[in-house]
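If you read the sequences in order, they're chains A and B. The end of the first sequence is residue 337 by the working numbering, with every number in the run present. The end of the second sequence is residue 337 by the working numbering, with every number in the run present.
Heads up, a few of these hints could be off.
You can't tell identical chains apart in this list, so a pair holds if it fits in one copy or across any two.
[Stated by the list, open to error] Below, simulated EDC-like cross-link-like pairs (lysine to aspartate or glutamate); rule was C-alpha separation at most 20 Å, straight line: (1) Lys212 x Asp32; (2) Lys179 x Glu196; (3) Lys236 x Glu216; (4) Lys179 x Glu59; (5) Lys36 x Asp318.
If you're looking for bench data, these hints aren't it; they were derived computationally from the structure.
2 protein chains.
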Amino acid sequence: MTRTNWLCCAVLLSLCADGLALGAEPLPSWRDSPTKTALLKYVADVTTEGGAKYIPAAERVAVFDNDGTLWPENPMPFQLAFALDSLKRDLPENPAWRDDPQVQAALRGDFATLLGDHHRGLLHVIALTHFGVTTAEFDGRVGHWLETAQHPRWQRRYDQCVYQPMLEVLAHLRQHGFKTYIVSGGGADFMRVWSERVYGIPPEQVIGSYGKVTFELRDGQPVLVKQADQIFVDDKEGKPAAIHQFIGRRPVMCFGNSDGDKAMLEYTTIANPRPAFGLIVHHTDGEREYAYDRRPRSSGKLSEALDQAAQRGWVVADMKRDWERVFPERSAAQTAP
Amino acid sequence: MTRTNWLCCAVLLSLCADGLALGAEPLPSWRDSPTKTALLKYVADVTTEGGAKYIPAAERVAVFDNDGTLWPENPMPFQLAFALDSLKRDLPENPAWRDDPQVQAALRGDFATLLGDHHRGLLHVIALTHFGVTTAEFDGRVGHWLETAQHPRWQRRYDQCVYQPMLEVLAHLRQHGFKTYIVSGGGADFMRVWSERVYGIPPEQVIGSYGKVTFELRDGQPVLVKQADQIFVDDKEGKPAAIHQFIGRRPVMCFGNSDGDKAMLEYTTIANPRPAFGLIVHHTDGEREYAYDRRPRSSGKLSEALDQAAQRGWVVADMKRDWERVFPERSAAQTAP
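Assemble the whole structure, with the sequences as input and the hints as a guide.
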């Protein structure tokens, strides 16, 4: 490619990008607030060529927690709803499960038992419903569940219960050359089935908890079988470790909602040679969503990270105050039957 | 962005891409041969919109082994040379190593001892030289080693001993919308230090062997410390498993050189719903590089994969016959002192 060609490309792309920015007001579901101003200003600052805070495109890495940050985690994390529905569906074919006290606890919704003894029951239920199948079979199960299950409160598909304001943040960042990643305690295989369609995040940018998979030729066809060992839990200090392992560079933006995200907020924002941005989604809206933060033993507990936010310069998004809308409009196609 | 803007971008980008293709003959270091023809034809077929074999850009994933495929693995894998040089350098500060029989074996070049008992000595030497440091310290060590060490035969920096024909394949694929990944038994942390500069492959597209890292705030600064446990070896059946874990979709092109790449060649090419392409770099040139394939107990052993190549449709690149040049020209800046 000649130098003139490169220049031609660069100039035209920059014109196109301007067209993009002029086309629509960014973040329409965010009310005018210090939160929205801080977000837009950061993105403008680090993408203005020649500016003091400019960050080259290759280093524009933004990481997002999923449960509680991009979609709700109530009344339980959605993947747990999938596991419980799977248990019920597969029970007739697995009569031995009827004598299994952890399965019994799950079926009667006894979360105290499931979460006791270091989440032993929960992990057991996940193991029964997530492992021993090929990755293709698992993808099919998750896809079928999404098509048929309904969130009990909003009576819509789980993958329609995503935060519209955060979809707009994802789009705004990508329009400005950021690479958007999920870094979640949820299972990577579970999220990858729908992350591209719902969030525009391709499978290679989904980092989550995972277990070992084994490769084999089965009847001459390559398959990967999900195993219930060597489980990596992508939470707390595991998140910066996974970011290193999968991305291999420090993010400059981090979005979370709980103490499980504190370590990756620290990794992103403390002493980063690049200007960095951290944001906490604070669940303050009991009417439109749920209001919670410091309640103990919940996957969305937010206490230490909230206490440190001011000192660390993390922006706290107040869902009730800052969000004009919580969920996307129901489209005709999306409306639950 | 308006529809007109999008069209403007698309048309202009396509003009630029044409300029690119017209600017230079692709793969100049490959001699005209069935190998080169097959490679170029596959890329043309799957990137011709409207063609029967067209593959959308998002699915154009190409995976490359590193040792023996993108650079040599003789007289020993380059990362082992790094480990041995590190041992020698750090010996004065670690007097206890002098009584360590595995260190002694390494220092006298006794590979039979290092490789015996399931590579126990080798893993021990790697552990001594790769772990217990922060990722930033490790990056610095690798960078310093590359600046100072010389390949004993070619008397040039190790990162200048890369295969020019394969650099051209990487560039040709990227120009045609492929995402190029390394999937190597080498350490991910070792390769990421130089993969972007040398191959144009960014850290997030480098998959390799890895160990656990732990996150901590040390004197208030976030650091990741490399640990010698939970080691994942990215070789043989581990390669398709790692591809699933890191990329989450099947590649359509796979390049390897040894039986360690057989499983990922199978995963890429057998019963893939997309047209797929597998290539084996066959080391046939003892004059310009090294000639070997079926020798036992080498990291580059090529036997089963070579036997299956015809049946599986894998293209075998004969280095002696197919490559006009093996290494890049020495530039003034690259010339060793």
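Against the structure, the hints:
1. In this assembly of identical chains, the alpha carbons of Lys212 and Asp32 never lie at most 20 Å apart, being 46 Å within a copy and 43 Å across copies at closest.
2. Taking the shortest Cα distances, Lys179 and Glu196 sit within 20 Å of each other both inside one copy (13 Å) and across copies (17 Å).
3. For the homomeric pair Lys236 and Glu216, the shortest alpha-carbon distance between copies (11 Å) is at most 20 Å, but the shortest distance inside one copy (33 Å) is not.
4. Taking identical chains as interchangeable, the C-alpha atoms of Lys179 and Glu59 lie at most 20 Å apart whether they share a chain (9 Å) or sit on different chains (17 Å).
5. Taking identical chains as interchangeable, the C-alpha atoms of Lys36 and Asp318 lie at most 20 Å apart only when both belong to the same chain, with a minimum of 11 Å there against 59 Å between chains.
Violation of the numbered hints given earlier is confined to hint 1; every other hint is satisfied by the structure.
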